[in-house]
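Taken in order, these protein sequences are the chains called A and B.
Those letters in the first sequence? Residues 1 to 288, by the working numbering.
Those letters in the second sequence? Residues 1001 to 1445, by the working numbering.
No lab work stands behind these hints, which were simulated from the structure alone.
Among the clues, some could well be false.
[As the list claims (entries may be wrong)] Among the chain A residues that face chain B by a calculated CB cut under 10 Å, a handful are: (1) G11; (2) V13; (3) P117; (4) T118; (5) S138; (6) S255; (7) A256; (8) D265.
[What the hints assert, rightly or not] Per the computed footprint, the stretches of chain A lying under chain B, defined by three or more beta-carbons under 8 Å from a beta-carbon of chain B, are: (9) 120–132; (10) 202–214; (11) 219–228.
All C-beta atoms in this analysis are idealised placements derived from N, C-alpha and C, irrespective of residue type, glycine included.
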Amino acid sequence: MNVFFASIGFGLVSAAVLAIASVGFTLQFAVTNVLNLAYTAVMTASAYAAYALNVRGVTIWAAALAAMLMGALLSLFLNRVVYTPFQRRRASPIALVIVALGMTLIIEYGTQAVAGPTNVSYAMSQGANVGIGSFQLSVAELAIIGLSVVLMLGVHVLIRFTRLGKAMRATAANRDLARSSGIRTDRIVTVTWLITGALCGLAGAVFGMNAGTFGATSTDIFLVLILAAVFLGGPGEPYGAMLGALVIGLGTEVSAAFIVSDYKDVIAFVALLAMLALRPNGLLGARA
Amino acid sequence: MFDTKTLDGVPRRRRRMLRMGGLAVLVAVTAAAVAGAPGGAAVKKASAGTLTIADVAPFTGVDAALGPTYLVACDAVTGAINKAGGVLGSQLACKSVDTKGDPADAVPAVRQLYASTSNLALVIGLTSDEAAAVVPIINSNKTVAFGMTGQAEFDHIHFPYFYRLVPADLAESYAMVAIAHFRKHDKRVALAFGNDIGSQTFVGPAVASVKKAGEKLVANETLDLKATTFRTEAAKIIAGHPDVILTEALGPAEAAFLSEVKQQNGGKVIPVIGTSATISPDWFKSVAAAVGASTLASDFLADNLVVDTTGPAYTAFKTALFAEKGKVGSTGSFSTYLTAPGAVHLYDGINLAALAMVAAKSTNSSVWRPYLQKVANGSVVVHDFAQGVAALKQGKTIAYVGPGGPTKFNGYNDSNGIFQIDAYTTSGAVKVVGNISSAWINAVR
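Generate coordinates for the entire structure from the input sequences, incorporating the hints supplied.
What follows is the structure, encoded as structure tokens:
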């Protein structure tokens, strides 16, 4: 087995999972102006929602819809009940970050209180291995990559070719001007929370499929990878998040093929720091 | 110009009600999280005239399976002791102290234990995740502690109040290599250990032992316990074409890693030898779900401390343990606790401590600590607390021998054990499939 070529395949799978999560995160940030650090906690809760159906015999691919619903509703709840009141009181950005961190703990430990401290696994088959030479992936892994590609195309179509997408871009660019132009920005924000929340929920289910087994705190480090992908690509830039996810996903797995494996995440952040030193706004952000 | 009763079309009073309702939900969830999430010290049952035994171990985090294993043993043995009248008129109660497997959390948790517990009689648990950080605190408070850590740093450091019930980790490393070399005749060995303190202590001795045994180390991968996938690590292992993988990576990492090995190896698992920590209901449940119970039953062996499964000691242990069945959350096959080292040896340790208190006629650690050796090396062999108390009342000296065999502490309060080879059945029950002789160990150390 050629480990290098094998690691490229693995990197694509990691990138696919990261892309679904990162695009949702960065869209959320761009339109709502909230750095929702509770994003991965919502992912976890959504993953458990899918598990609750899967353990009762529903195929995980269908149960992922429940995860999307959970993610959408929980994200909307977070916005309406937690973030918006603080924003209306003109809380500082750092205060909102602290609030988001607090919500992370509440959601994660609330999930743990309900689901228990032991890890769970989805009942799903990985399928046969498909590939050429050392580039081998299972059917499930290929399905995750395919799902990610479809979603990225869907996001592209949404923001480029729909009125909603246009309104989202306008709100992200300048909320006051957008409101003055007749765009109901509060509704756009609500819809954005729902859409990105659904992406978040789906990311949670896909995370669980990819990991094989997960617990209430399994996504803690994943948040850091999301942030790395988002800021590598340019904060608020969905296409940047896609590119960032690809760089981080490939970088971590390919580097693990050549160096000590437990430092692979470190490589991702070294790449991020180097990029930010050269282009502070990220790969696709405006030049500083 | 502005409608003060509404904002963005939503009446202000309705917005306030929505907000209050949402906050009420948040408070309820937070309360549930605080009540349900183990952390700090959770008292199971305590009242006046009760002596507390604290289980200081991970109950959450990657090593979350360890704390409950020790707690099951504690509840089992204290139940039996209390039924026999307790210790000097006092009942025993167990208390969980969650270290989260992190020294940074363990130290404040232990400090809180001392601040909140006036009748602390004994500390048990103390895994490699937190022992180095908290043993000095426990020792300075003159509390006897029975630890399950095999860390090398305790091999030659003397904490008078700290007793180690398991052999050093390097002895386990030798045992694993001995199984590979003598029982399975493997030539190519791969190592895959978690990056936590407790697992990494096996690696150095295993590497040296593989070389001494004349085998080839084809891969040595460290598994980040916080990672969720191990595809590249599995690929590197498979690329080395090992005959066997020696491993310990607790939590979800082991299941994810072995699942990847099976997936990339054409659906076949490379035979695995685990440490005694892999003899655990949670480990079996997690890994069996990932690779299949039949695969685990046919391709897995572990070194484990010898448990005498015949005789009155084992009968008493089994009776006490199964009295706790149904009181522990879903952990897989309960019968796995019958040979789990944390359950067996802490059961013995607590019995020894209780008998030492009775022999010393005192619950003060400084007074009864010297009696630990006396109740382990006397003339009359006893197999449970009630037998021991009866013999002590007749003025006899006793030698407690439990399901873990006789306990002998060396000058550093470490006990040495002998190893057996365990395997799983498809239902998760553990069976003994062989023994590891001292000749085998000496050949690879």
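Against the structure, the hints:
no.: 1; hint: G11; in the structure: holds (8 Å)
no.: 2; hint: V13; in the structure: holds (7 Å)
no.: 3; hint: P117; in the structure: holds (5 Å)
no.: 4; hint: T118; in the structure: holds (6 Å)
no.: 5; hint: S138; in the structure: holds (6 Å)
no.: 6; hint: S255; in the structure: holds (9 Å)
no.: 7; hint: A256; in the structure: holds (4 Å)
no.: 8; hint: D265; in the structure: holds (7 Å)
no.: 9; hint: 120–132; in the structure: holds (count 3)
no.: 10; hint: 202–214; in the structure: holds (count 6)
no.: 11; hint: 219–228; in the structure: holds (count 3)
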